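S.K.: When you get a sec, could you build the whole thing from the sequences and use the hints?
Chains F, B and G supply the protein sequences, listed in that same order.
For the first sequence, the residue numbers in the working numbering are 1 to 427.
For the second sequence, the residue numbers in the working numbering are 1 to 275.
For the third sequence, the residue numbers in the working numbering are 1 to 320.
Warning: the hint list may mix true and false statements.
[Said to hold, decoys possible] Below 20 Å or equal to it, Euclidean Cα-Cα: the simulated SDA-like pairs (lysine to any residue) are: (1) G/Lys56 - F/Thr74; (2) F/Lys384 - G/His280; (3) G/Lys116 - B/Ile20; (4) B/Lys161 - G/Gly200; (5) B/Lys161 - G/Ile237; (6) F/Lys274 - B/Val185; (7) B/Lys5 - G/Arg313; (8) G/Lys116 - B/Arg8; (9) B/Lys96 - G/Tyr310; (10) B/Lys161 - G/Arg313; (11) G/Lys56 - F/Pro69; (12) B/Lys172 - G/Asn16; (13) F/Lys62 - B/Ala42; (14) F/Lys384 - G/Arg79; (15) B/Lys61 - F/Asp40; (16) F/Lys236 - G/Arg170; (17) F/Lys274 - B/Glu58; (18) G/Lys81 - F/Ser397; (19) F/Lys275 - B/Ala62; (20) G/Lys81 - F/Asp383; (21) B/Lys5 - G/Ser210; (22) F/Lys274 - B/Phe41; (23) F/Lys259 - B/Phe41.
These aren't lab readings, by the way, just hints derived from the structure by calculation.
Note that this is a predicted model, so its numbers are computed, not measured.
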Amino acid sequence: MQKKLFVVLSILILASLVLTACGTPAPKDVTLTLGSWRTDDVAAWEAITTAFHAKYPNITVKFDPTNPPDYNATLRSQLETGTGPDLFFVRSFGVGRELFDAGYIASLKDLPGINDTFSAGARAPWATDSGEPYAVPIAAVSHGIFYNKDLFAANGIEVPTSWEDLMAASQKLLDAGVTPFANGTKDAWDINEVVMMQLLPSDVGGYDGRMAYLNGDRCFNDPEIVAAFQQMADLKPYLPAGFEATSYADAEQLFAQGKAAMFFDGSWSIGQIKKDATAFQWGVFYPPALKGKDTYVSFHVDAAIGANAASKNLDAAKTFLAWLETPEFAALIGNNLPGFFPMTNEIPSLTDPIANDFMNFNKQAKGVDIRFVWEKLMDAPTDKVNAYTSLNNNVISVLKGEKTPEEAANAFNADVADWYGPASKCK
Amino acid sequence: MLRTKFNRALTYIVLTVWTIIVLFPLWTLIVNSFKPQNEIFADPFGLPKNFTLDGYIEVWKAGHFGLYFTNSLIVTILSLTLILFIGSMAAYALAKWKSRVSNFLYVFFIAGLMIPIRLGTIDLMRLIIALNLQNTIWSLIPVYVAMGMPIATFVLTAFIKELPNEMFDAAKVDGASEWQVYSRVVLPLMRPALATVAIFNMIKIWNDFWFPLVFIRQESARTVALGVSLLFGQYHTDWTRALAVLSLAAIPLLILYILLAREFIKGLTAGAIKG
Amino acid sequence: MSQANLSKNQKPGLLNTENQRTLTWVLFLLPALLVYLVFMAGPLFDSLRLSLYTGKGYNPTEFIGFQNYIDLFTVPLWREKFFNAVTNTCIFFAIHMIVQNSLGLLFANLLSSDFKGRNFFRTLIFTPTTLSVLVVGFLWTLILNPNWGAVNQVLVGIGLEQWALPWLGRENLALPIIALTSVWQWIGMPTVMFLAGLTGISEELLEAASIDGASEWEIFWKIKFPLIQPVLGIIAILTFVDNFNAFDVIYAMAGAKGEPAYSTDLLATLFYRTGIAGEHPTGIPNMGMGATIATITFIILMSGVLLWLYLSRRNADETK
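M.R.: What follows is the structure, encoded as structure tokens:
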């Protein structure tokens, strides 16, 4: 309660500061552009920026997204030539950090309230090692398996409570002529981020387990990693017949059209699936751990917004950033974009039932953790393979039957140990 | 006689098969843009049963296609005119000026064909900012004209070199200046080669979205290619709309081409590159 | 006035005939040269310089001499990526050279004779060329889709289930298939150019041969083919240059990484990923190495073109 009061107060103070700064005579009207990779969410962001404009009538924010594959390159070319947007989405960890170190993102160490609104853990992906923040965390995403309730009922299947159960259920579906899972490998990233890295937290034991790898106490081909690759091999017979050429969008459609019973995906797809899967009842569950293991949820820090250090309207941009700390924004993003979860300490109640189901995973699980390779393991020198790419390639090799789980784990370990200091003894 | 008939039949068979291969994807594009999403997957290749214009209406509302087309047309037409004009002048000099300098320049021009233009993006952007052209369609024209030079000089020079020398000599004897030879003799003869260069560049310019993407943030200066790629990203999982976007991108140029096809093919084959 | 006098008298000076002619040619060249220098050659050659530097972002500042070149050929990861891209690019080019140009020649030959519907076919053959790659890529990906694509539905329909493959997901199939998609789009170009060449052959020559009893086949190979050699040369070199820089169709159908497993990675996608976009998901570009890849691609292409120029000049001299 006190925290909330503090936030509100600090925002009032900031607002008055801004008002006095732009001050008398009447504040000038400014338009800020907000760069993003979320082309899917144009309508929702327009609602959010409209709400902001209602609060600050002299500032207009224009949401201006770029297609995800082009986002990094265009943003960078614009920043390097001084034409970047005033505000932009910042990727977590190394990628965003690199832009900050190069001087393109304004420091937010003076942004009022940032330390109180967000926990240190929530700020860390967008802060220097000494804790200097440079972007305001706006959303985390969760993961899960969307499932077709009608198909489950028709085949007498309950929501499984262990990986073994899940596989048995898949076999049952397959025997009944139903494709169990919709996922494919054509786009590569999805099998890595929403399947493999969804399973890994339970396999390695959440945050503590991941830290043991990062510290060099465990090697990347230990039995837990092999088990995760084995799960991929387990999945193979249950993927669509042409999974190698099935893209992420195809997979979503296979599920939405009722042609596949389950779909490994992220919470960001709630809106999409709601719109497309209208012919049957569906729900979501978290993939259960192997028997004898606890379930940990992959709850990932996804996006933050930073200000362009070279923006001509840095003050107005910071006004917007401060507004992102308010409960009003948290409720707006949580409800306008179901499946994106505010990262504030105080989480507003969410209206979307499926979004609440995702939040419940966190409560039921032993713990939550971010995606396995995001922290440190992607910062490879340019002539080495980073852990993301290596994991991705090896997962696909296992699915295509080119490598056994052990071979894949060994190859993954070799790639990481090749450059990641703490893992050097794993060579 | 029998042989001729057989040949004719074979011609029709080959061309009909190819016609199907060409038209089938276009058919898929257009019929599916009038179907609701579910029907696209249930019956991807038949005529729409639940005819809908939703995709088009939604997409037309979300983007400003009228504006995008105007922008693309201005950029394409101005760039093409400049490419053909200054490119053909240069090609004439490169073909007829016998000197080391022109040999070197010829190679220098076509060298531009061989480096991915994206490599120069940052330098180009600094230049555009220095000229204060960013966020306008005028930023695109000099870049496209420059991009068109290698192919223009390459094709046109090769063409002029193939023209018989007597034509030039006759004009020279009549006391014509180089400019007169160029404008009265060479330009009219060059029509087919100019058409080739125009078509090559038109497709590249009309469909380029890289430079609009980095040069232009203002909605009012977007081109069709940029608008389409952004809308396509927005609707990539909404197939009715995605297909409507793609149809809107494809159809105007398609119609324009079909209207001009006769002229174009005639222009190309009229003068012909003599063997 | 004085100008005319000078040239008549052939006095040595700035404006004698020779210099005047040179001046004319320079004026003809100047507009093109200026635009090309400022907006293309300058920025490009300045960027090739970056291959001698290293650092993150688009403006690397740390000078390292030829280290990028050495790395590209000696560091296993780079060498593997680079030679993979070179091989794929050669295959991609070869498919265009063989399939696109022989089909184009076939179509041009068919379309050069007079028959009902000729204009329809002539229009049709060039139609796909007017489409954007975004459209072409999306449509063919849809048609080849393993789950609801037409190709596999037809194959299953006629009982060839074992041939209903995930076309774009197989490492040995994806590249040829994408190349054929690109052939589908661009075939109009060689067809129309060949057509122009064939239309230029005199009717009398062909009639005479026909009266002498030569078959269509003989007429084609003995008369038409030798006469369109110059066109063939231009088409060959354009195919070479265009496809060694091919990027759009791969980007649209297989992404910047050349999926599956880099089997469709070309020199241009490797350059884009390395120098412009950075690898997913880190996205930190290495412009120094990107420029190195571009420079080497440039050298390969330039040697090809110079060889072509040399050969065509020698050919021209021989025929004269």
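S.K.: Hint by hint, note whether the structure agrees.
M.R.: Going down the list of hints, with the structure as the test:
no.: 1; hint: G/Lys56 - F/Thr74; verdict: holds, 15 Å
no.: 2; hint: F/Lys384 - G/His280; verdict: holds, 14 Å
no.: 3; hint: G/Lys116 - B/Ile20; verdict: holds, 18 Å
no.: 4; hint: B/Lys161 - G/Gly200; verdict: holds, 16 Å
no.: 5; hint: B/Lys161 - G/Ile237; verdict: holds, 17 Å
no.: 6; hint: F/Lys274 - B/Val185; verdict: violated, 67 Å
no.: 7; hint: B/Lys5 - G/Arg313; verdict: violated, 42 Å
no.: 8; hint: G/Lys116 - B/Arg8; verdict: holds, 10 Å
no.: 9; hint: B/Lys96 - G/Tyr310; verdict: holds, 18 Å
no.: 10; hint: B/Lys161 - G/Arg313; verdict: holds, 11 Å
no.: 11; hint: G/Lys56 - F/Pro69; verdict: holds, 19 Å
no.: 12; hint: B/Lys172 - G/Asn16; verdict: holds, 19 Å
no.: 13; hint: F/Lys62 - B/Ala42; verdict: violated, 39 Å
no.: 14; hint: F/Lys384 - G/Arg79; verdict: holds, 12 Å
no.: 15; hint: B/Lys61 - F/Asp40; verdict: holds, 16 Å
no.: 16; hint: F/Lys236 - G/Arg170; verdict: holds, 16 Å
no.: 17; hint: F/Lys274 - B/Glu58; verdict: holds, 19 Å
no.: 18; hint: G/Lys81 - F/Ser397; verdict: holds, 18 Å
no.: 19; hint: F/Lys275 - B/Ala62; verdict: holds, 18 Å
no.: 20; hint: G/Lys81 - F/Asp383; verdict: holds, 11 Å
no.: 21; hint: B/Lys5 - G/Ser210; verdict: holds, 15 Å
no.: 22; hint: F/Lys274 - B/Phe41; verdict: holds, 17 Å
no.: 23; hint: F/Lys259 - B/Phe41; verdict: holds, 10 Å
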